[in-house]
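J.: Chain by chain, the residues run as shown.
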Amino acid sequence: MDASELISTVTTIRPGISQREKCNRPSVVIESVNLLDIMWSLQSREDLGFDMLLSHTAVDWIDEGWFELVYLLYSTKHGHYLMVSTFIPRESPVIATVSPIWKIAEWQEREVYDMFGVLYEDHPDLRRIFLDDDWEGFPLRKDYKDDFMLERPE
Amino acid sequence: MDKIINWARSNSLWPLTFGTSCCAIEVMMAAGASRHDLARFGAEVARPSPRQADLLVVAGTIVKKMAPRLKMLYEQMCEPKYVIATGSCAISGGPFMYHSYTTVRGADEIIPVDVYVPGCPPRPEGFFYGLLMLQKLIREGETVRKPRMRKKPVLAALPPGLTLSQIQEEIRMELETVTKRGLFGGRI
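From first to last, the protein sequence lines are chains A and B.
The opening residue of the first sequence carries number 90 in my numbering; numbering runs sequentially from there.
The opening residue of the second sequence carries number 63 in my numbering; numbering runs sequentially from there.
So here's chain A without its partners, still in its complex pose (with noise of 0.2 Å):
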């Protein structure tokens, strides 16, 4: 399945569902509610057949307002890529955790958390990754702030 057949593939499985533009691999926008929905029907059909989760990571967009989630999804038997992303609130960033499809986001998904404060409802052990568990505040927040950061001089 080449890149344009993928997409127009991906968009009839519900309404909702647009190409993002500017991207040089096949890459779809969803709206957040959706998401679980979507998946499970990405994972789970034969002709799309995505049984891997490369990649789940996330964006600040600060000045927009909003987190945008993004999933690098990989297909073993048919070898294609499909790049999902969906947008949340930066206010309330909460997202339905898709570590029951694919086990690996559950330390995908406490990266993100760790990293930008994302919640995700029905996480098995939604905790921090790599900083110390009583760390205040979430780094790669742009607006993120502590006493050990170092301001670069003018």
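Honestly, the hints are just simulated from the structure, not real lab data.
It should be emphasised that the depicted structure is a prediction, and the values quoted were computed from it without experimental measurement.
Treat the hints with care, as some may be off.
[As the list claims (entries may be wrong)] For each label pair, taking beta carbons as the anchor points, the in silico distance ranges come out as:
{"hint": "1", "chain 1": "B", "residue 1": "227", "chain 2": "A", "residue 2": "216", "range": "36 to 46 Å"}
{"hint": "2", "chain 1": "B", "residue 1": "137", "chain 2": "A", "residue 2": "109", "range": "52 to 62 Å"}
{"hint": "3", "chain 1": "A", "residue 1": "210", "chain 2": "B", "residue 2": "95", "range": "50 to 60 Å"}
[Claimed, not checked] Listed below are the simulated DSSO-like cross-link pairs for lysine-lysine, each with C-alpha atoms no more than 30 Å apart in a straight line:
{"hint": "4", "chain 1": "A", "residue 1": "111", "chain 2": "A", "residue 2": "231"}
{"hint": "5", "chain 1": "B", "residue 1": "198", "chain 2": "B", "residue 2": "133"}
{"hint": "6", "chain 1": "B", "residue 1": "143", "chain 2": "B", "residue 2": "133"}
{"hint": "7", "chain 1": "A", "residue 1": "166", "chain 2": "A", "residue 2": "111"}
{"hint": "8", "chain 1": "B", "residue 1": "198", "chain 2": "B", "residue 2": "65"}
{"hint": "9", "chain 1": "B", "residue 1": "126", "chain 2": "B", "residue 2": "65"}
{"hint": "10", "chain 1": "B", "residue 1": "127", "chain 2": "A", "residue 2": "231"}
{"hint": "11", "chain 1": "A", "residue 1": "234", "chain 2": "B", "residue 2": "143"}
{"hint": "12", "chain 1": "B", "residue 1": "126", "chain 2": "A", "residue 2": "234"}
{"hint": "13", "chain 1": "A", "residue 1": "231", "chain 2": "B", "residue 2": "126"}
{"hint": "14", "chain 1": "B", "residue 1": "143", "chain 2": "B", "residue 2": "126"}
{"hint": "15", "chain 1": "B", "residue 1": "198", "chain 2": "B", "residue 2": "143"}
{"hint": "16", "chain 1": "A", "residue 1": "192", "chain 2": "A", "residue 2": "166"}
{"hint": "17", "chain 1": "A", "residue 1": "234", "chain 2": "B", "residue 2": "133"}
{"hint": "18", "chain 1": "B", "residue 1": "127", "chain 2": "A", "residue 2": "192"}
Positions of the beta carbon are idealized from the N, C-alpha and C atoms, including for glycine.
Using the hints, position chain B against chain A.
T.: Same frame as chain A, but now just chain B:
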């Protein structure tokens, strides 16, 4: 007698394999491999245990979580023990000095350092120069009559006449003029 002991010590430094990032590739792997051959200086017996080592080569970035482990490794080593800090991360934090929430700005914030080898990472030749400086320091340095002499740090690639405290003072002055908080959050 001290001279003979120090000569023996300087020519059989046993380094501890402590590498946290890319510097370890240069100073532990490239320097130890056959092209550069650390064995020429008698320091090829890399030990995985601090109990058997007397040279701690801090090769790489030290983050906050690693800092207590590094201190523990240093304390577990037997006297006499020597420390070389290689690369800009172990000297000052290097590229992670500003806007970093984890990186400790220099190994000398945690443990005393004898020789600094600059570079990002230093070439094996640079590391050898630092090692030879340390050997020189050991040969001239600490004896029963002159204990604690080597606590004065030696900079491997600085013009003579310039000391570490001068540089630190200069950096502090410069930073204090531009930031209100002072160097390292006012801790120094």
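J.: Given the hint that residue 126 (chain B) pairs with residue 234 (chain A), test it: the Cα-Cα distance must not exceed 30 Å.
T.: holds (16 Å)
J.: Would the pair residue 234 (chain A) and residue 143 (chain B) pass a check requiring their Cα atoms to be no farther apart than 30 Å?
T.: Not OK: residue 234 (chain A) and residue 143 (chain B) at ~38 Å, beyond 30 Å, violated.
J.: Under the criterion that the straight-line Cα-Cα distance not exceed 30 Å, is the pair residue 198 (chain B), residue 65 (chain B) satisfied?
T.: Distance of about 12 Å is within 30 Å: holds.
J.: Decide if the proposed pair is consistent with the structure: residue 234 (chain A) and residue 133 (chain B), CA atoms, cutoff 30 Å inclusive.
T.: holds (27 Å)
J.: Is the hinted pair residue 231 (chain A) and residue 126 (chain B) satisfied, with a Cα-Cα distance of at most 30 Å?
T.: The hint holds at about 21 Å.
J.: Straight-line Cα separation of residue 127 (chain B) and residue 192 (chain A) no greater than 30 Å?
T.: Between residue 127 (chain B) and residue 192 (chain A) the Cα gap is close to 27 Å, so the pair holds against 30 Å.
J.: Just to be careful, I want the Cα atoms of residue 198 (chain B) and residue 133 (chain B) compared with a cutoff of 30 Å; is the pair within it?
T.: holds (25 Å)
J.: Between the alpha carbons of residue 166 (chain A) and residue 111 (chain A), is the straight-line distance 30 Å or under?
T.: Measuring from Cα to Cα gives roughly 27 Å; hence the hint holds.
J.: Sort out whether residue 65 (chain B) lies within 30 Å of residue 126 (chain B), counting only the CA atoms.
T.: violated (39 Å)
J.: Under the criterion that the straight-line Cα-Cα distance not exceed 30 Å, is the pair residue 143 (chain B), residue 133 (chain B) satisfied?
T.: holds (13 Å)
J.: Take a quick look at whether residue 127 (chain B) and residue 231 (chain A) sit within 30 Å of each other, Cα to Cα.
T.: holds (22 Å)
J.: Check the hint pairing residue 111 (chain A) with residue 231 (chain A) against an upper bound of 30 Å on the C-alpha distance.
T.: holds (24 Å)
When the structure is compared with the earlier hints, violations turn up for hints 9, 11 and for no others.
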